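Engineer: For reference, the chains in residue letters:
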Amino acid sequence: MPAQDGISDPTDWLGTPVASLEPLEAGLRCEICKDFYTAPVLTACCHTFCSGCIRRSLSSVNASRKCPLCWAPFDEGQLRKNKIVEELVRTFQAARGEILALGHAVRDDAFNRVESGRKRKLDEIEDAIPLSNGVSPRKTRSQTQHKTNLIQPPSMSEKIALEEQEEEDVENRNEDGKVSCPICGQRMPEAQVFTHLDTHSEDKVTMPGISNSRLPNRTQPAMPTMTPLPTLSYSLLSEMQLRKKLRELGIPSDGNKQAMSRRHTEWRNLVNANSDSSNPKSKPDLLRELNNWERTQNSTNHSYTAKATKFAVMDKDFDRDNWSINHNCDFQSLIAAARTKAKASSKLDPKAPEDKVIISNHSSAESSEPNETGKDPPGIPSSSQMSIVGLANRED
Amino acid sequence: MAGAFASRRLQRELPKLQATTSPGIKLVSATDLQEWLIDIQVMDSAHPLYAGQTYRLRFRFSGKYPIEAPEVMFIRATAASCWDQKPRSIPMHPHIYSNGIICLDLLDKAGWSPVQNVESVSMSLQSMLAGNYKNERPEGDEVFVRTNTQRPRDVNFEFHDDDC
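First to last, the protein sequences are chains Y and B. All letters in the first sequence, in the order written, are residues 1 to 396 by the UniProt record's numbering. All letters in the second sequence, in the order written, are residues 1 to 164 by the UniProt record's numbering.
Keep in mind the hints are simulated off the structure, nothing from the lab. What you are looking at is a predicted structure, and each value in this text was computed from that prediction instead of being measured. Just so you know, even glycine gets a beta-carbon here, dropped at the ideal spot from N, CA and C. The reader is advised that the hints may include incorrect statements.
As the list claims (entries may be wrong) - Okay, derived cross-link-like pairs now, PhoX-like style, lysine-lysine, Cα gap no bigger than 25 Å in a straight line:
1. Lys281/Y <-> Lys64/B
2. Lys257/Y <-> Lys83/Y
3. Lys109/B <-> Lys257/Y
4. Lys66/Y <-> Lys16/B
Said to hold, decoys possible - A few chain Y positions that, by computed beta-carbon distances, are all more than 10 Å from chain B:
5. Ile7
6. Lys34
7. Cys53
8. Arg56
9. Ser60
10. Pro68
11. Leu69
12. Trp71
13. Arg96
14. Ile99
15. Thr231
16. Arg243
17. Ser275
18. Thr296
19. Gln297
20. Arg320
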């Protein structure tokens, strides 16, 4: 889908003669990823999202099992496939490029007409538009009907399919007052047809008039789909148990417990979203997606830590030694400034500040070497430096 | 594919912001898919606090956007760096700290919804400004600005009122 879709948007319709399709397309897109629905599911509050999107949203730390649109609480288990939406998206996407091209063609043509100032007959323009369905609508339909016909290729349109059916109904009725079943052709009184048809629907035989191409995967046997995975309560599992679980599932089992539980969550989302799709992907495909996800995870995490370092003084795992080495020259210059200041004032009052500096050095527990010379050895523990810096600041 | 997920969504939002935005919202820069700058104005020309002023918002997106909220804050800018040659300051507001960090539930972990987007967040902030007539900073602004070393999204705000 992405290859065909590119970065398409409902606003593509604006400016074409069929701008009214914009809200329709917007309705066929997920509110989370803004893409066409992939394996759409219905929430308990009757909102529709891509299965993958809503599962990711639910399993993220912040969203506490609520619908992103209305905040109604619900559980992942309540998600149900929304088959008709999936079908609508599929058929709309298939027709999208064609209709858009037509829209552009009509618009450009109108533009050219204005440009050249020549008034052409409408028929000529119609001839210029390629009609993929091969129907020449001019002969049978009025101009407005023609337009709707352009927008909806007949094979895609429910409405037209229904029309055809109605026509058939008329044809099926013969002079004997009986009608023939549209499926098996058996003749019966009209009143019995619907009860008779129910027997067919159990056999899942498709009706003539509705193109079979609309219904994918009906006849072909489904791929061996993976069964939906349950949630794991990671806090109750030991690292060993979790690693074993991942190995059983056939996904990478390296990294610490946090990494593994994140990976398992993503895998569960992928597998469960996949099981909502009518064209499920194979396990190797899903493993590739998991691998991609893992790579982007790591890269974003790294960029974050790199960005965050300058605010990290408060962090638990803050590298104190490194910080004191990197900022050593700053500390040294501050200490030097404090010393000169202290000396300057000690000339006025010989007792006070010089002693203070030395006292503060001694009093800090980590510093074992006395500093009578007044020169700090390199690599002195930072806490003593901090206290001097603090002193220097106070004197300012 | 969290990263791809985020960039795909952002690539979809970007042309829309470049083409048309609501009045008073203007995309300033979006050189990559990690940090965007947006200028917002309060459209009320008679507003006692914000009339005629433009403020700059910085959006930072993680690889998990839109599942995770973007980091949004007001930033200062010099007149020379702005398209209209006017400097950007931090708006006075009881929920905006003087370092630009915004205390708004929809930007917080619990209040964020993935259906929000850059434009909707900008509009929310626009209306948050438009609805305010108090010329004041949040309580404890000075202490917070001096001591905060956390990224805005990690700060735990308490949302004790919702009058804006």
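Engineer: A separate judgement is required for each hint: does it hold in the structure or not?
Structural biologist: Going through the hints against the structure:
1. Lys281/Y <-> Lys64/B: OK: Lys281/Y and Lys64/B at ~23 Å, within 25 Å.
2. Lys257/Y <-> Lys83/Y: Given pair Lys257/Y, Lys83/Y is violated - Cα atoms ~37 Å apart, limit 25 Å.
3. Lys109/B <-> Lys257/Y: 23 Å, holds
4. Lys66/Y <-> Lys16/B: 28 Å, violated
5. Ile7: 5 Å, violated
6. Lys34: Answer for Lys34/Y: violated, closest chain B Cβ roughly 5 Å.
7. Cys53: Since the minimum Cβ distance to chain B is about 7 Å, Cys53/Y lies within 10 Å and the statement is violated.
8. Arg56: Nearest chain B Cβ is 5 Å from Arg56/Y, so the label is violated.
9. Ser60: 5 Å, violated
10. Pro68: Not fine: 4 Å to the nearest Cβ puts Pro68/Y too close to chain B.
11. Leu69: Not fine: 6 Å to the nearest Cβ puts Leu69/Y too close to chain B.
12. Trp71: 8 Å, violated
13. Arg96: The claim holds: Arg96/Y sits with its nearest Cβ about 16 Å from chain B, beyond 10 Å.
14. Ile99: 20 Å, holds
15. Thr231: 17 Å, holds
16. Arg243: Label holds. Min Cβ-Cβ 23 Å, cutoff 10 Å.
17. Ser275: 18 Å, holds
18. Thr296: 3 Å, violated
19. Gln297: 6 Å, violated
20. Arg320: 15 Å, holds
Against the hints set out earlier in the document, violations occur for numbers 2, 4, 5, 6, 7, 8, 9, 10, 11, 12, 18, 19.
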